[in-house]
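**Student:** The chain contents come next:
4 protein chains.
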Amino acid sequence: MTDLGASDTEPSKNDVALIVGGGPGISASCARLFANSGMFVGVAARNPDKPALHNLEKTHGVRRFTCDASEPAAVDLLFENVVRDLGVPTLVVHNIDGRVPGIYRKAITEADPSMVFETLRNSAFSAFLVGQRAARLMRENKPNSKGTKGTIIFTNASAALKGFPSSGAFAMACHAKSGLAQSMARELMPQGIHVANVPIDAAIGWTQEDGTRGHRRAGTTIDDNMADPDYIAETYLQLHHQHRSTWAFEVVLRPWVEKW
Amino acid sequence: MTDLGASDTEPSKNDVALIVGGGPGISASCARLFANSGMFVGVAARNPDKPALHNLEKTHGVRRFTCDASEPAAVDLLFENVVRDLGVPTLVVHNIDGRVPGIYRKAITEADPSMVFETLRNSAFSAFLVGQRAARLMRENKPNSKGTKGTIIFTNASAALKGFPSSGAFAMACHAKSGLAQSMARELMPQGIHVANVPIDAAIGWTQEDGTRGHRRAGTTIDDNMADPDYIAETYLQLHHQHRSTWAFEVVLRPWVEKW
Amino acid sequence: MTDLGASDTEPSKNDVALIVGGGPGISASCARLFANSGMFVGVAARNPDKPALHNLEKTHGVRRFTCDASEPAAVDLLFENVVRDLGVPTLVVHNIDGRVPGIYRKAITEADPSMVFETLRNSAFSAFLVGQRAARLMRENKPNSKGTKGTIIFTNASAALKGFPSSGAFAMACHAKSGLAQSMARELMPQGIHVANVPIDAAIGWTQEDGTRGHRRAGTTIDDNMADPDYIAETYLQLHHQHRSTWAFEVVLRPWVEKW
Amino acid sequence: MTDLGASDTEPSKNDVALIVGGGPGISASCARLFANSGMFVGVAARNPDKPALHNLEKTHGVRRFTCDASEPAAVDLLFENVVRDLGVPTLVVHNIDGRVPGIYRKAITEADPSMVFETLRNSAFSAFLVGQRAARLMRENKPNSKGTKGTIIFTNASAALKGFPSSGAFAMACHAKSGLAQSMARELMPQGIHVANVPIDAAIGWTQEDGTRGHRRAGTTIDDNMADPDYIAETYLQLHHQHRSTWAFEVVLRPWVEKW
Chain A
1 MTDLGASDTE PSKNDVALIV GGGPGISASC ARLFANSGMF VGVAARNPDK PALHNLEKTH
61 GVRRFTCDAS EPAAVDLLFE NVVRDLGVPT LVVHNIDGRV PGIYRKAITE ADPSMVFETL
121 RNSAFSAFLV GQRAARLMRE NKPNSKGTKG TIIFTNASAA LKGFPSSGAF AMACHAKSGL
181 AQSMARELMP QGIHVANVPI DAAIGWTQED GTRGHRRAGT TIDDNMADPD YIAETYLQLH
241 HQHRSTWAFE VVLRPWVEKW
Chain B
261 MTDLGASDTE PSKNDVALIV GGGPGISASC ARLFANSGMF VGVAARNPDK PALHNLEKTH
321 GVRRFTCDAS EPAAVDLLFE NVVRDLGVPT LVVHNIDGRV PGIYRKAITE ADPSMVFETL
381 RNSAFSAFLV GQRAARLMRE NKPNSKGTKG TIIFTNASAA LKGFPSSGAF AMACHAKSGL
441 AQSMARELMP QGIHVANVPI DAAIGWTQED GTRGHRRAGT TIDDNMADPD YIAETYLQLH
501 HQHRSTWAFE VVLRPWVEKW
Chain C
521 MTDLGASDTE PSKNDVALIV GGGPGISASC ARLFANSGMF VGVAARNPDK PALHNLEKTH
581 GVRRFTCDAS EPAAVDLLFE NVVRDLGVPT LVVHNIDGRV PGIYRKAITE ADPSMVFETL
641 RNSAFSAFLV GQRAARLMRE NKPNSKGTKG TIIFTNASAA LKGFPSSGAF AMACHAKSGL
701 AQSMARELMP QGIHVANVPI DAAIGWTQED GTRGHRRAGT TIDDNMADPD YIAETYLQLH
761 HQHRSTWAFE VVLRPWVEKW
Chain D
781 MTDLGASDTE PSKNDVALIV GGGPGISASC ARLFANSGMF VGVAARNPDK PALHNLEKTH
841 GVRRFTCDAS EPAAVDLLFE NVVRDLGVPT LVVHNIDGRV PGIYRKAITE ADPSMVFETL
901 RNSAFSAFLV GQRAARLMRE NKPNSKGTKG TIIFTNASAA LKGFPSSGAF AMACHAKSGL
961 AQSMARELMP QGIHVANVPI DAAIGWTQED GTRGHRRAGT TIDDNMADPD YIAETYLQLH
1021 HQHRSTWAFE VVLRPWVEKW
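Which chain is which? The protein sequence lines are A, B, C and D, in order. Quick note on the numbering used here: the first sequence kicks off at 1 and runs consecutively. Quick note on the numbering used here: the second sequence kicks off at 261 and runs consecutively. Quick note on the numbering used here: the third sequence kicks off at 521 and runs consecutively. Quick note on the numbering used here: the fourth sequence kicks off at 781 and runs consecutively.
Any given hint could be a false lead.
Chain C side only, calculated, beta carbon under 7 Å to chain D, not exhaustive [unchecked claim]:
#1 ASP588
#2 GLN758
#3 LEU773
#4 VAL777
It is worth saying that the hints were derived from the structure and are not from the lab. Don't be surprised by glycine CBs; every beta carbon is placed ideally from N, CA and C.
Please construct the entire structure, taking both the sequences and the accompanying hints into account.
**Tutor:** Shown next as structure tokens:
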């Protein structure tokens, strides 16, 4: 008989979580929640010296790693270091937006090709590199009590669902990530690796200077009309804890008042 | 600050759950899990005298209701009775397949029109009736700590995602249910009601005579290659517990070895 | 070698086209174009005495048939009459919107169940009935020079692609029609019958009192911001003329300025 | 009144078509059909000295251009040369598959990162470069009689619709192309430029040594179970000729016997 309910509360004691892409939003929320649930947690970022990451180290014992995830050799080294310092990962989150700032709201006729290329590399190609290395390690894992050898989660955006005007580069990158995730899911799920694609169809809340969270768009009076990264992290943990008899591949998260 | 983790373990003490459609699979698993988490639970079925439902009453205090959910007056009466006996529902699950047996694997040229019509009525029209009545009541609820006035979940099937050959009637019914769910989600989410569509892309496990669950397709050696209804119920409860800043509308569940 | 270009201009001399649903928009445009290309054309409507249909009879020799397409016996009789009067159809267009007027822009909580039911019956169930009878006859046809025994086209709406708020009944009906079309396509295409689903993501132009066409939404200055039914008909004819090595199943048509 | 039927037969006398990617399949079929319909036609390829392209020059006056379409400067030069030699294009087809041979059927764990990167660059990035330059020129065109300033068509594959296992790189590239096409369509259609994405869900037929076409998969007896590029070209020309009141964005083409 299945022992229900227990699954979500049991600390994930032997789990090693790696979050690639580090900032004060989803990555920090994931790091805290995963650490609180008993996992060893690492966060990789191009610049791991951000205050947000130092805080996570202090308060939650999160390990910081340096990595440009769009460089094959750097990703190889990252996984070597993670295995050495924390162990073989059972949960890997790719949480990189990848947009070069100059590419935002650029008409297709005005977009700078080198920025389009960088966006593709930062986002989609790094997702491939991280997903590939995670899969190579996870397939050697022993299945846990839910039958899972490991979980690979790709944070994605509404641009994965719909190509918006004046956003061609991001539409390419997010669609590419979805295509990769879907191919990996079809290939790896029968090998015991859970692959999930999570487009966040929303602006994402942030941590304010006083440490409280902001989830309100400027000019509105509704407090929770942006996606709260703490709850995004909660969904990620639930995905990781799903039994392999009922895996979800794609979960779109959006605030109650979002137009879609 | 958000108090994470607590949400999934706290008993849903003031919640009233109504499951429409009653059998030994998803409905029974939902009833048990919802009751275990502190809800008052009702199950409605055309024939509420099935042994499975009597057992739920005995072991989990689940209330049984009689209802042909494709009849407007019967659905009105059901909700009146539920409100009177249990209270205003905060979680309603529509869990009706609706296929008339004679419609299975029928070529389009051979399908009996009256059976096609019955399938549409049993499945899609009943989903409308149940969803409408649930919405009318829920919009008067006070939001809970997650900002939710109520959750309406439609169990759906892979035929909602893909129209299979020799299955036109079911393709119509499941697609119709998806269309309804999507329209309701866009309309009701900004009113605080969480609407979710959950296509199960799998055969669903069942309870065997000895009380244990069967999750293996005939002729295979893999134990969990069918969807375990206990875990489907777990996903439903998580959907109900999601904070309104990050609601999922559609979650497709499939076993790890499923082809898709 | 393929003799390209000829296909679209050669009159479809031996073709019999049946258009189910009759009005001054898509049906009339189809009837004119099909007749002009050499087909024998019939139009079926609940009320075939509309002036628009009388005109088609006079100017294009279009045959009028009486039929409530949501009644199995009526659809049987329609096809009998068409075969008797025109021959076995090679092109059937289901062009019924099916919305009961009272269902427009109704909140889910306010929609009248009997009107929801009627909408499902008028639209989705009639699509099944018409599709089924068409398939039964067409599978006995000899393939034409493009390898096609017959073409069945379902006119659909943007509600097939997206469930809009306050439009639950139409979302159900249009999604159901898509599900049916997809199931039929997977089943019948390998039998030589081309099934197509054509959601028109637009308001559709109409014929004005002076006989000219109107394609401009009130309050705008753009002349062609609504879908021109003459061009919709052109796409239908192209679908019918496609070689079976490259059939399109779904074609969404929208005006250049449509938001989507 | 619209003068129907004429549109498809009138030679596109003032049109300039550029096909990027050159081979004996879709590109050659497009070049022949476009030239036959009165257009000035150019084909760009990395190696424009292939016999297939020399033949097109001889028989249909097709102009050959050298271009590595994944290089921004090379694409700039291509469009300069086309404008100088043929005129401003009104129809541009991006017809590059882009897969590096070594990437076929590679498990995600085995795929060579540099080949994945090359595939992304060859396919998706070149689509951006070609689409951008085409859009810049076309927006200055005068609308033709159908209201169209120009048409940009992206040939795509079933990997755009579904991420297949052991095909992650191609899934990324094709999904990226779809995302780009969708973003461009939403942005450029209101400016009078028709953007279309055409996934061919099939193996594509080829020209045999004796000049006849082969459309049969090895081991089958059905003659037309592969997509005939001559008919794909026909659909492209129809897309180019659509009136802007009823543009199709995405058309999936598949042979009648294809499984999907």
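**Student:** Check each numbered hint against the structure and report the violated ones by number, ascending.
**Tutor:** Hint check: 1 fails alone, others pass.
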